[in-house]
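Trainee: With the hints as constraints, model all of the structure from the sequences given.
Each protein sequence line maps, in turn, to chains F and C.
Count the first sequence with the working numbering and you get residues 27 to 192, in order.
Count the second sequence with the working numbering and you get residues 71 to 202, in order.
Calculated from the structure, these hints are not laboratory results.
A hint or two may mislead.
Quick list of the computed label-pair ranges, beta carbon to beta carbon [said to hold, decoys possible]:
1) C:Val128 <-> F:Ala185: 48 to 54 angstroms
2) C:Ala186 <-> F:Lys178: 30 to 36 angstroms
3) C:Asp152 <-> F:Asn149: 26 to 32 angstroms
4) F:Asn149 <-> C:Leu108: 26 to 32 angstroms
5) F:Asp137 <-> C:Ile193: 27 to 33 angstroms
From the three backbone atoms N, C-alpha and C, an ideal C-beta is built for every residue, glycine too.
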Amino acid sequence: MKKIILIAFALLAAVGAYAQEGRNIYNKYSDSQGVSAVYISPAMFKLIGKIPELNVEVAEGENMDLAPLIRSFSGFYMLDMSGSQQGSSLAEDVKVMISKGRYELLMEVKDDGDNVNIYTVGNDKTIENFVFLCRSGNDVQFICIDCTMDRKEVETLIAKAAASSM
Amino acid sequence: MKSSKDIEKMSLEQLEAASMDENISVPDAFASRLEDGLEVLERLTEDESRKGGRVRMVRVLSAAAAAALLVGAGLGLSGRQDEPEDTFTDPYLAYAELEKAFAIMSGEIHKGLAMAEKTEEIIDRTSSVFSE
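Mentor: Structure below.
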């Protein structure tokens, strides 16, 4: 009996863990000076999903309906620290969050002092959490998305966008 | 014929002697009736133990479900307490902000892919030099 209760607790805790980490970081820095913060709740995502036309041009002459992708979002946290002294502290907190979780590095770009890291958590089929961290001197941008995105859909989107840029 | 009360009053020796007495005839189909009775008794015992198992399983499952509900409610409540306030009340504005964020991310992804493309070109050139 105790085992079943412990397993149930562990499962529920694991589901909420990723959402909690991004939120904790957002709550820590969102009210700081020189920080632009944006939070979009699951309820708002439901409303956005009802907007009739969410088509974006992903390649020349090719539009893609983003509604299904956006409906899979359940939380969006963005912190933009331009010239804020707290930038390095935020980057450190994100590093700790990444090292604690099952995050996988999707992409890293280092260019002339700029440093971009994109991480995801999930399995072969779905992405449950998406983290974007961009550092350029004291400027830091942090984006964290809680979701249940179809991995194939995201890969197709990135591939199309990449093809259109080359 | 002796009644069951008379049989109960008999001693072990008397019962043994009666069982050895060949003059006492066994009623017809007594053996099959006895077997049927034993079978029914066996089935009843099995049903009882199955019912007991089911009851135990239901109890365990309902306790697990209750625990999961409590934990879920607890996590939900703690999650709601520190849930930030929505930045936008208008879904169109929220979507516009999302588009901006996508543009930032896509710009960085393009930068990375362009760098990878350049590297690929260099590798291609180098390998063509070696192959010549």
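Trainee: All hints, please: hold or fail.
Mentor: Outcome of the hint check:
no.	hint	verdict
1	C:Val128 <-> F:Ala185: 48 to 54 angstroms	holds, 51 angstroms
2	C:Ala186 <-> F:Lys178: 30 to 36 angstroms	violated, 21 angstroms
3	C:Asp152 <-> F:Asn149: 26 to 32 angstroms	holds, 27 angstroms
4	F:Asn149 <-> C:Leu108: 26 to 32 angstroms	violated, 56 angstroms
5	F:Asp137 <-> C:Ile193: 27 to 33 angstroms	violated, 19 angstroms
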